[in-house]
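Enquirer: Sequence:
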Amino acid sequence: MSDAPDPLAIRWIDHVTPTAALLVSRAWVLREVAAVPGLTPARRAALVEALIAYEPERRHGLRNNFIAWMLMLGGTGVARLVGLAPWIGFVAGLLVVLWLARLLTERALRWKLAQLAAESG
1 MSDAPDPLAI RWIDHVTPTA ALLVSRAWVL REVAAVPGLT PARRAALVEA
51 LIAYEPERRH GLRNNFIAWM LMLGGTGVAR LVGLAPWIGF VAGLLVVLWL
101 ARLLTERALR WKLAQLAAES G
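Letter 25 of the sequence shown, counting from 1, is numbered 25 in our numbering, and no numbers are missing.
To be clear, the hints were calculated from the coordinates, so they are not data collected in a lab. The C-beta atom is built at its ideal place from N, Cα and C for all residues, glycine as well. There could be a bad hint or two in this list.
Here are the simulated distance ranges between beta carbons [stated by the list, open to error]:
| hint | residue 1 | residue 2 | range |
| --- | --- | --- | --- |
| 1 | Arg31 | Trp99 | 18 to 26 Å |
| 2 | Gly74 | Ala108 | 40 to 48 Å |
| 3 | Pro86 | Glu106 | 28 to 36 Å |
| 4 | Ala45 | Ala85 | 18 to 26 Å |
| 5 | Leu94 | His15 | 20 to 28 Å |
| 6 | Pro18 | Leu62 | 22 to 30 Å |
| 7 | Ala114 | Leu22 | 18 to 26 Å |
| 8 | Pro56 | Ala9 | 21 to 29 Å |
| 9 | Pro56 | Ala85 | 44 to 52 Å |
| 10 | Thr17 | Leu81 | 35 to 43 Å |
| 11 | Val96 | Gly38 | 20 to 28 Å |
Can you make the complete structure from the sequences, with help from the hints?
Expert: The structure is reproduced here in structure tokens:
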């Protein structure tokens, strides 16, 4: 028996360690891989490393930029309309953009995890 820590255990540092996709943490990846049934510990560790290094394909950059700026500037206009400081609307729009980006990143990483798990057997 060795006293080495379990590489798949979630530690506090994993919650603040970003993956290549930047919007999810290593702890999120560890939880998702742990939820996949029927994998050996070695295969789980390999899946964790593969997902941490995976960066989803970037497409539609101009369209996404346009949508993001419209949300942030639209939030500024709505905030001004209801009597709030415009920066509050801008920040609200930015938070919506980050929330949507995280949802899309989670979807892409779950798709990649399903693909990698299917390859393993």
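Enquirer: Kindly indicate which numbered hints from before are broken by the structure, ordering the numbers from low to high.
Expert: Violated: hints 2, 4, 9 and 11.
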